[in-house]
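**Student:** Residue strings, one per chain:
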Amino acid sequence: MSDATNRPLVEIAGLCKWYGDFSALFDINLTVHEREKVVVCGPSGSGKSTMIRCINQLEAHQKGTIRVDGTDVTPGMKDIEKIRREVGMVFQSFNLFPHMTILDNLTLGPMRNRGMSKAQARELGMHYLERVHIAEQAAKFPTQLSGGQQQRVAIARALCMKPKVMLFDEPTSALDPEMIAGVLDVMIELAEDGMTMICVTHEMGFARKVADRVVFMDEGEIVEIAEPETFFNAPRTDRAQLFLSQLLGH
Amino acid sequence: MNRTDPPPAPPRKRLTFVDLILFGAVAALVLYAVYKVNDVLVYDWNWSRVLGFVIRWDPETGHWVANLLLLGLFTTLRLAVWGTILATVIGVVMGFCRTSDNLTLKILSRGYVELIRNIPPVVFIFIFFFFVTSQIFPLLGVDNIDTHSPAVDNSVFRVLFGRPELFGNFLAGLLCLAMFEGAYVTEIVRAGIQSIPKGQWEAGQAIGLSPLNVLRDVILPQALRKVLPPMAGQFISLIKDSAIVSLISIQELTFLATEVASTTTRVFETWILVGAMYFALCYSFALLFGWLERRAARTRR
Numbered sequence: 012m013s014d015a016t017n018r019p020l021v022e023i024a025g026l027c028k029w030y031g032d033f034s035a036l037f038d039i040n041l042t043v044h045e046r047e048k049v050v051v052c053g054p055s056g057s058g059k060s061t062m063i064r065c066i067n068q069l070e071a072h073q074k075g076t077i078r079v080d081g082t083d084v085t086p087g088m089k090d091i092e093k094i095r096r097e098v099g100m101v102f103q104s105f106n107l108f109p110h111m112t113i114l115d116n117l118t119l120g121p122m123r124n125r126g127m128s129k130a131q132a133r134e135l136g137m138h139y140l141e142r143v144h145i146a147e148q149a150a151k152f153p154t155q156l157s158g159g160q161q162q163r164v165a166i167a168r169a170l171c172m173k174p175k176v177m178l179f180d181e182p183t184s185a186l187d188p189e190m191i192a193g194v195l196d197v198m199i200e201l202a203e204d205g206m207t208m209i210c211v212t213h214e215m216g217f218a219r220k221v222a223d224r225v226v227f228m229d230e231g232e233i234v235e236i237a238e239p240e241t242f243f244n245a246p247r248t249d250r251a252q253l254f255l256s257q258l259l260g261h
Numbered sequence: 162m163n164r165t166d167p168p169p170a171p172p173r174k175r176l177t178f179v180d181l182i183l184f185g186a187v188a189a190l191v192l193y194a195v196y197k198v199n200d201v202l203v204y205d206w207n208w209s210r211v212l213g214f215v216i217r218w219d220p221e222t223g224h225w226v227a228n229l230l231l232l233g234l235f236t237t238l239r240l241a242v243w244g245t246i247l248a249t250v251i252g253v254v255m256g257f258c259r260t261s262d263n264l265t266l267k268i269l270s271r272g273y274v275e276l277i278r279n280i281p282p283v284v285f286i287f288i289f290f291f292f293v294t295s296q297i298f299p300l301l302g303v304d305n306i307d308t309h310s311p312a313v314d315n316s317v318f319r320v321l322f323g324r325p326e327l328f329g330n331f332l333a334g335l336l337c338l339a340m341f342e343g344a345y346v347t348e349i350v351r352a353g354i355q356s357i358p359k360g361q362w363e364a365g366q367a368i369g370l371s372p373l374n375v376l377r378d379v380i381l382p383q384a385l386r387k388v389l390p391p392m393a394g395q396f397i398s399l400i401k402d403s404a405i406v407s408l409i410s411i412q413e414l415t416f417l418a419t420e421v422a423s424t425t426t427r428v429f430e431t432w433i434l435v436g437a438m439y440f441a442l443c444y445s446f447a448l449l450f451g452w453l454e455r456r457a458a459r460t461r462r
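Residue numbers (the numbering used here), protein chains in the order written: chain V, 12 to 261; chain R, 162 to 462.
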């Protein structure tokens, strides 16, 4: 079912990160190919978010290499904006710009970074708002929308930069239960369109449906990488078994 | 009961008997104070001499023209408006430097703020005035401006900066005031920037905006909206603080009032009138900022 190509888009090798003396990530190795969908899961504090935040350098790493579409990503690099324009990111807490309308949230990036005219950017913005099924909210402000709608706007905002890869950092964790499905549907549609995705999420249904591989992390290390069926039905490691039993055990 | 019934009216706030007694007591106290003062103070009130310094009849042109006190009020108003603009520019730039990761910018802005906040304004203005007039003006060539050239001797310039021959005087006062108030605006802007959640920076960075664009498009618009109330307070302080520059002979309201008070010897009338003028000016600004605040709150929703 995987439609991944052989072209590596994100290559992480020997990645290490410390917060003070605390080792947050240790020797992370992961390559994600074009059109591949990877779900990252693991207990809280296991370094999942930190890892994907290193990819666009919202966190600086101290050791190891990260390459995005062949370009080295290094801490403090000058052209980090160029990398970030190719890497879309969706946050747990949406982080929409509250002082702008929904459409202005979407057009800011393309206008500032891609040199688009206001008209072009608005057309692009409306296109992606339609894709996430909230075009009718374009003129409203973020606080007037439900959490689920805000998260879909955040996805559309990232898509407006036409990124090569999308990072999702627990996109449904801050949502009320009835809002989760709408966001997951949008993510599934995105996956079906062939977007390369790295998703930190505990939505197991989503993982089974779209993931090519599941990455299980614990205490800052990658413990297990497997196809979703294998991982959920027959996890190899004790730590993964424990995690899954806690996740499903109630 | 019916679901479509209108909700009950909220209780009305009205003055009670106790409130009336309180008001009466305050009024009685004020009247008593006035009576006592009149008793001790043998003072012959004469408002007409002082009012003549607000506007006067000019027999040459055959018009009523502004006299010293009104001219002073205009200068104070100019100081207030330009001072507000300049202090905002200084405050936004320095406020950003205060939150910057760059150590040099941090040290410079911190030094500026601490230096000014820990020296009495009068002392700072005496020192800075000397620096401005002896160092900056020769550098800018302010002293060599031809006051009769059409570039400065026109009505637009007069409305914006006052009489051309007093421009150097006005500018010196303005720079002192703006430098001084800028330090306080800096701290307000810093607090505003720091009150914006980290996620807003990250969201701006994640779509590939440069740090300057994140600041301009995402952080500052939110931060400035948040700090509008303390800013309004600071700008009203600025108007009142502008009286300090009278000490370096800037021809604003307080300076000219001192002259009027000593020429007419009508000390009480002059200062009561000047106090009323300051009140009118400050309160208009307070109303203006109140309106701005409500407008900002409306667009944010």
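Quick caveat, the hints were computed from the structure, so don't treat them as lab data. It is possible that some hints are incorrect.
Below are the BS3-like pairs computed for lysine-lysine, each with C-alpha atoms no more than 27 Å apart in a straight line [said to hold, decoys possible]:
1. R/Lys359 with V/Lys93
2. V/Lys89 with R/Lys359
3. R/Lys267 with V/Lys89
4. V/Lys151 with R/Lys267
5. V/Lys89 with V/Lys173
6. V/Lys151 with V/Lys220
7. V/Lys220 with V/Lys173
8. R/Lys267 with R/Lys359
9. V/Lys175 with R/Lys359
10. V/Lys173 with V/Lys129
11. V/Lys173 with R/Lys359
12. R/Lys401 with V/Lys151
13. V/Lys74 with V/Lys93
14. V/Lys151 with V/Lys93
15. V/Lys89 with V/Lys151
16. R/Lys387 with R/Lys359
17. V/Lys74 with V/Lys89
18. V/Lys173 with V/Lys151
19. R/Lys174 with R/Lys197
20. R/Lys267 with R/Lys387
21. R/Lys359 with V/Lys74
22. V/Lys151 with V/Lys74
If you're wondering where the values come from, they're calculated on a predicted model, not measured in any experiment.
**Student:** Work down the list of hints and note, for each, if the structure agrees.
**Tutor:** For each hint, the structure was consulted:
{"no.": "1", "hint": "R/Lys359 with V/Lys93", "verdict": "holds, 21 Å"}
{"no.": "2", "hint": "V/Lys89 with R/Lys359", "verdict": "holds, 21 Å"}
{"no.": "3", "hint": "R/Lys267 with V/Lys89", "verdict": "holds, 21 Å"}
{"no.": "4", "hint": "V/Lys151 with R/Lys267", "verdict": "violated, 38 Å"}
{"no.": "5", "hint": "V/Lys89 with V/Lys173", "verdict": "holds, 22 Å"}
{"no.": "6", "hint": "V/Lys151 with V/Lys220", "verdict": "violated, 33 Å"}
{"no.": "7", "hint": "V/Lys220 with V/Lys173", "verdict": "holds, 24 Å"}
{"no.": "8", "hint": "R/Lys267 with R/Lys359", "verdict": "holds, 19 Å"}
{"no.": "9", "hint": "V/Lys175 with R/Lys359", "verdict": "holds, 25 Å"}
{"no.": "10", "hint": "V/Lys173 with V/Lys129", "verdict": "holds, 17 Å"}
{"no.": "11", "hint": "V/Lys173 with R/Lys359", "verdict": "holds, 24 Å"}
{"no.": "12", "hint": "R/Lys401 with V/Lys151", "verdict": "violated, 41 Å"}
{"no.": "13", "hint": "V/Lys74 with V/Lys93", "verdict": "holds, 22 Å"}
{"no.": "14", "hint": "V/Lys151 with V/Lys93", "verdict": "violated, 30 Å"}
{"no.": "15", "hint": "V/Lys89 with V/Lys151", "verdict": "violated, 36 Å"}
{"no.": "16", "hint": "R/Lys387 with R/Lys359", "verdict": "holds, 16 Å"}
{"no.": "17", "hint": "V/Lys74 with V/Lys89", "verdict": "holds, 18 Å"}
{"no.": "18", "hint": "V/Lys173 with V/Lys151", "verdict": "holds, 23 Å"}
{"no.": "19", "hint": "R/Lys174 with R/Lys197", "verdict": "violated, 36 Å"}
{"no.": "20", "hint": "R/Lys267 with R/Lys387", "verdict": "holds, 23 Å"}
{"no.": "21", "hint": "R/Lys359 with V/Lys74", "verdict": "holds, 25 Å"}
{"no.": "22", "hint": "V/Lys151 with V/Lys74", "verdict": "violated, 44 Å"}
Violated hints, in rising order: 4, 6, 12, 14, 15, 19, 22; the structure is consistent with all others.
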